[in-house]
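Participant: Chain residues, written in single-letter form:
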Amino acid sequence: MSDVQVYTPFRRGLPRLGPYARELWARRQFALELARTEIRTENTGTGLGQLWLVLNPLLLAFVYYVLTSILSGSAGGAARLAHIMAGLFLYYFFSSAVIGGAMSILSSSRLILNTAFPKMLLPISVVLVSFMRFLPSLGIYAVVHVLAGQPVTWQMLWGVVPLALVLVFATGLAMLLATVNLYFRDTKSFLPYTMRVWLYLSPVLWLPEQVRGSLAFLRWVNPLFPLLGSWSEAVVEGRAPQAWMLGAGAAWAVLALLVGAWALLSREREFAVRL
Amino acid sequence: MSSLSASEAFLETPPVDVPAPLSVRVEDLHVTYRASLERRPTVARRLRRLGRGERVVREVHALRGVSFDVLQGQVVGVVGANGAGKSTLMRALAGILPPTQGRIEVHGRVSTLLALGVGFNAKLTGRQNVTLGGLAAGLDREEIARRYTEIADFAELGEDFMDMPMLTYSSGMYARLAFSVAVHMEPDILIVDEALSTGDARFKEKSFARMQELCAQARTIFLVSHGLSTITQLCTEAMWIDKGALVERGDPAKVVSAYRRFLKVGATAVTQEDV
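Protein sequence lines, in the order shown, are assigned to chains Z and E. For the first sequence, our numbering assigns the number 687 to the initial residue and increments by one for each residue that follows. For the second sequence, our numbering assigns the number 228 to the initial residue and increments by one for each residue that follows.
Please note that the accuracy of each hint is not assured.
One-sided excerpt, in silico: chain E residues whose CB lies under 7 Å from chain Z [claimed, not checked]: (1) I323; (2) L324; (3) V333; (4) T352; (5) Q355; (6) L359.
Note that these hints are calculated values from the structure, not bench results. Computed from a predicted structure; not experimentally measured. Glycine included, C-beta positions come from ideal geometry on N, C-alpha and C.
I would like the entire structure built from these sequences, with the hints used as guidance.
Facilitator: See below:
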């Protein structure tokens, strides 16, 4: 026989990472297919169907544009709309990945009780779903960017870096919360509020330069500050992001991935009895 | 396949009864669920309990020291009352539930057909679910495409139904497709947990034939069933599990009649078949 599996009692601690990574890699198509089918089925009942993937972020951006215009007492112009859109689209990718990721283990209980596979695939697949939903909104942003007369430069390509970092950060957080949610089921109820406050604390509805005085600490304690800040600098303003933002963003992303992966891997074998 | 060449080598000395290679070895297996009495473990309740100094953890000792070896090519029937620990044992063999104590050694790839059905998403079509199920089991797309026709033919749902959402399937059709997927994964070990009861008589015959075919190829099958005649007809040996312990193991007819005496029921039509 080719392979021998030995199952011994569950201990808190990491599994052997080599074989785990191989199992994960062997099933990468599964995560992708799970994400694809999720996208395919989610809007099947609605009249506008997949168009909602584009309409949702667009309408949301207008809602926040109106809100900030009223609060600041001025229309703010197309540049602000572009900034809000770029930030909001990326933020909603992040928040749907994290909220969905937090539920990913619990909502797949049938699959988990019937098939042995690396559970890390579930939050990863949810992050992929959110990412696939996010991609079409980049197209809308491009149109608004040009209409708003924002500069089109090669420097905009820097945007790939914060985008990749947000992807990593969201994956880490999704894995962490998916695990935490099994032990404290309140997590998922708190999450939408947390995410909303997090939006207001991040440079989406306001510009990174606007934090001054007592709020300056946000730059260092809010991981999304450097991530979304550098995204906006690159994509909206068309210039190379500040180095400290990329550095801090990368540090947060790696930290989240390590903590999230450790949390999930060290508890994963116990999941089946916790569902 | 090393087992094939081994058996060929032994062909020259037929009189000696050579044991087949080991397929599954279970040593002193205990599985304990730590069930919180509350259905939803939440922080608030935990705090309240802490305040009162209560501990609301009850342990369910589902398996208590089960040990056995099973050789390749065996069809092992598993009988026992509801709640005896049969499904827990099957899940432990499949690597889904970790042992609390003891050791499980499994030689080869396991395919499961457990009581809950497959991780099928009812919104997806039969075809999409077959792909998803195959990918979850660790096959690649090419292998699945190659087996798809076989799977669909065996299930006999007709092409129309394969491309309809599984919401439209009857429970029997669901079971047929699930069984067909499980047996076409070319498992070294197939675990079937009360999954045949919804199929009609003709499909049941067909699945019996398929299982016999599999064990002729030196695959091992575990079959959990309340249809006692199924056990005696199909299995080469049987196990009776009660209250988490292995009560009796051996010739299916003997084990089944001992189990029947225990249940104080005769061989009526009701006990013979899955109703």
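Participant: All the hints need checking, so say for each whether the structure fits it.
Facilitator: Tested hints:
About 5 Å separates the beta-carbon of E/I323 from the nearest beta-carbon of chain Z, less than 7 Å, and the hint is met. Contact between E/L324 and chain Z, as hinted, is supported at the beta carbon level, the nearest pair being about 5 Å apart and thus within 7 Å. Interface restraint check for E/V333: the shortest CB-CB distance to chain Z comes to about 4 Å, inside 7 Å, so the restraint holds. Interface hint at E/T352: violated, since its Cβ lies 10 Å from the closest Cβ of chain Z, which is beyond the 7 Å cut-off.
Because the smallest distance between the Cβ of E/Q355 and any Cβ of chain Z comes to about 6 Å, under 7 Å, the interface hint for this residue holds. About 6 Å separates the beta-carbon of E/L359 from the nearest beta-carbon of chain Z, less than 7 Å, and the hint is met.
Consistency note: the structure conflicts with earlier hint 4 alone.
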